[in-house]
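Novice: Sequence:
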Amino acid sequence: MNSVVEMRPSSIGHVDVWYCFTDDRRLDSRLSQYEAMLSAVELEQYQSLQHGSNGRDYLVSRALLRTVLSQYCGLAPENLSFCANDFGKPELADNQGLGLVQFNTAHTSGLTVCVVTRGNDVGVDVESHAENRGVLNMADDYFSALELQALNRTSDEQQLEFFYRYWTLKEAYIKARGEGLSIPLHDFSVLLDDQGEFNGFVGPESDRWDFRVVCKNVNYTASLAVGGSINSVAYFQSIPLSHEIERNADEAFDPLSSPMGSQRNNVVNQ
0 MNSVVEMRPS SIGHVDVWYC FTDDRRLDSR LSQYEAMLSA VELEQYQSLQ HGSNGRDYLV
60 SRALLRTVLS QYCGLAPENL SFCANDFGKP ELADNQGLGL VQFNTAHTSG LTVCVVTRGN
120 DVGVDVESHA ENRGVLNMAD DYFSALELQA LNRTSDEQQL EFFYRYWTLK EAYIKARGEG
180 LSIPLHDFSV LLDDQGEFNG FVGPESDRWD FRVVCKNVNY TASLAVGGSI NSVAYFQSIP
240 LSHEIERNAD EAFDPLSSPM GSQRNNVVNQ
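Each residue of the sequence shown is one higher than the one before, starting from 0 at the first, in numbering that gives the first Met the number 0.
By construction, these hints were calculated from the structure, which means they are not laboratory data. Heads up, some of the hints might be wrong.
As the list claims (entries may be wrong) - What follows is a set of in silico ranges between Cβ atoms, one per label pair, in the way DEER data are often shown:
| # | residue 1 | residue 2 | range |
| --- | --- | --- | --- |
| 1 | 181 | 25 | 38 to 48 Å |
| 2 | 250 | 198 | 21 to 31 Å |
| 3 | 127 | 157 | 16 to 26 Å |
Where is the CB? At the ideal position from N, CA and C, for every residue including glycine.
Model the full assembly from the supplied sequences, consistent with the hints where possible.
Specialist: What follows is the structure, given as structure tokens:
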């Protein structure tokens with residue numbers, strides 16, 4: 000691979016949301032290239048999953064992360080290295096992000112997401128929707144009293160949709176904090192308005208945190224949390240090492256949106 004990388008500009012308060020549908024058949028011809036960019040640790044993890052249903056999802060998620068971050072760090076995807084904090088949150092190693100690039104990833108069946116911003120902690124969570132309402136029983140164990148009261152006030156038709164919004168917003172916050180399950184889920188509350196949009200936060204440093212539900216369709220819910228104001232969000236659908244296209248908020252995460260016709264060659268020229 001040729002390591003010609005064009006830097007992508009970014010700014011504090013702006014978040015880029017990248018995503019890839021991992022069952023997209025256009026990925027098939029690229030899988031060997033994705034495997035070649037993995038570190039030894041990633042390769043071992045991939046090989047342990049390769050014969051199960053999660054192997055492809057893992058491989059594509061790492062390829063998306065590496066090809067995306069290469070655009071912000073000025074390094075080829077295979078030259079990026081990662082470390083983890085004391086709670087396991089991934090970070091760029093050796094100051095490769097110049098101390099400013101902040102990122103987080105999430106994946107669920109059929110979809111992987113990577114978010115990038117500058118300067119502020121960031122977390123993202125994505126969930127594939129279950130077809131039954133049994134998941135609502137989890138709310139008693141993980142939601143705060145304020146969240147449970149609000150969820151119970153919603154109509155039967157809205158409850159499952161709102162559940163996933165609360166769940167992903169809370170998980171995104173936990174991931175952004177980077178302290179794992181040392182943060183009790185009952186000890187903070189994310190507030191939604193009647194339309195299910197973020198409406199407030201009750202918890203530590205409440206004035207610091209901002210939230211956004213970035214995907215809310217029939218198949219998936221995804222949310223992000225940022226340790227600072229979210230001034231703008233951009234959405235990019237990607238086939239790593241091949242195509243990427245910017246989507247508007249209404250098109251994002253819709254597998255039936257217009258085909259990906261634009262191609263960028265600046266990530267890694269072949």
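Novice: Can you tell me whether the CB distance of residue 127 to residue 157 sits inside 16 to 26 Å?
Specialist: holds, 19 Å
Novice: Does the Cβ distance between residue 250 and residue 198 fall inside 21 to 31 Å?
Specialist: holds, 25 Å
Novice: Regarding residue 181 and residue 25, is the given constraint of 38 to 48 Å on their beta-carbon distance met?
Specialist: holds, 41 Å
Of the hints listed earlier, there is not a single one the structure fails to meet.
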